[in-house]
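Chemist: Model the full assembly from the supplied sequences, consistent with the hints where possible.
In UniProt numbering, the protein residues as written are 1 to 158.
Each computed EDC-like pair below joins lysine to aspartate or glutamate, with the alpha-carbon atoms no more than 16 Å apart:
{"id": "1", "residue 1": "Lys97", "residue 2": "Glu28"}
{"id": "2", "residue 1": "Lys4", "residue 2": "Asp120"}
{"id": "3", "residue 1": "Lys97", "residue 2": "Asp21"}
{"id": "4", "residue 1": "Lys4", "residue 2": "Asp113"}
{"id": "5", "residue 1": "Lys29", "residue 2": "Asp18"}
{"id": "6", "residue 1": "Lys4", "residue 2": "Glu146"}
{"id": "7", "residue 1": "Lys124", "residue 2": "Asp105"}
{"id": "8", "residue 1": "Lys29", "residue 2": "Asp13"}
{"id": "9", "residue 1": "Lys97", "residue 2": "Asp24"}
{"id": "10", "residue 1": "Lys29", "residue 2": "Asp39"}
{"id": "11", "residue 1": "Lys29", "residue 2": "Asp41"}
{"id": "12", "residue 1": "Lys36", "residue 2": "Asp13"}
{"id": "13", "residue 1": "Lys97", "residue 2": "Asp63"}
{"id": "14", "residue 1": "Lys4", "residue 2": "Glu150"}
{"id": "15", "residue 1": "Lys97", "residue 2": "Asp18"}
Listed next, with one range per pair, are the computed distances between beta-carbon atoms:
{"id": "16", "residue 1": "Arg152", "residue 2": "Arg91", "range": "38 to 48 Å"}
{"id": "17", "residue 1": "His92", "residue 2": "Glu134", "range": "37 to 47 Å"}
{"id": "18", "residue 1": "Leu69", "residue 2": "Thr22", "range": "16 to 26 Å"}
{"id": "19", "residue 1": "Arg91", "residue 2": "Asp156", "range": "43 to 53 Å"}
{"id": "20", "residue 1": "His155", "residue 2": "Arg50", "range": "29 to 39 Å"}
{"id": "21", "residue 1": "Pro111", "residue 2": "Ser84", "range": "45 to 55 Å"}
{"id": "22", "residue 1": "Ala110", "residue 2": "Glu83", "range": "46 to 56 Å"}
Hints were generated in silico from the structure; no laboratory data involved. C-beta: ideal position from N, C-alpha, C; glycine also.
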Amino acid sequence: MIRKRAFDAMRTDLLTVDAGDTLDTVSEKLARHLEKSPDMDAVAVMRLGRFYGIVSLRTLLGDLNDCALDASLRTSLGDDDFESTYREATRHCMARKASEAARRDIPRVAPADPLHLVLDAMIKADSRFAVVLEGERVLGLVPLGEIFREMRRQHDAL
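Modeler: Following this line, the structure appears as structure tokens:
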């Protein structure tokens with residue numbers, strides 16, 4: 001894996017959304033994207049044409065759960081109305097902006113960065129993704145799964 005670079009594991013089938021898009025819009029786009037690329041469960045959030053962060057399926061669901069559950073627990077009267085209160089809170093939470101749910105601490109790497117250093121940065125950031133940038137331009141994402149596949153290919157070749 002010493003000779004492999006970020007571009008060797010980079011995925012270019014990347015979905016981008018605007019930081020001002022609602023989470024409802026993000027979830028609709030992500031659902032359609034997952035039909036074509038089931039293992040690319042993240043979108044790059046862009047603000048004014050620049051990379052802002054990532055909303056993955058995990059961060060989206062975690063954010064919605066935290067938001068809706070918190071609001072429901074504060075306003076619910078108990079078991080009788082919790083479901084309807086949670087449903088209404090979820091609708092409210094889905095109206096928030098992508099920038100509010102975006103994870104900003106994603107490792108930023110260059111295409112020629114050694115893959116083992118990309119992996120190290122992802123592990124240290126507890127991130128399943130690294131964004132590959134050339135200057136300010138987003139080229140793609142390196143998902144943890146692609147690094148694993150590269151490692152397996154090298155192992156199997158031995």
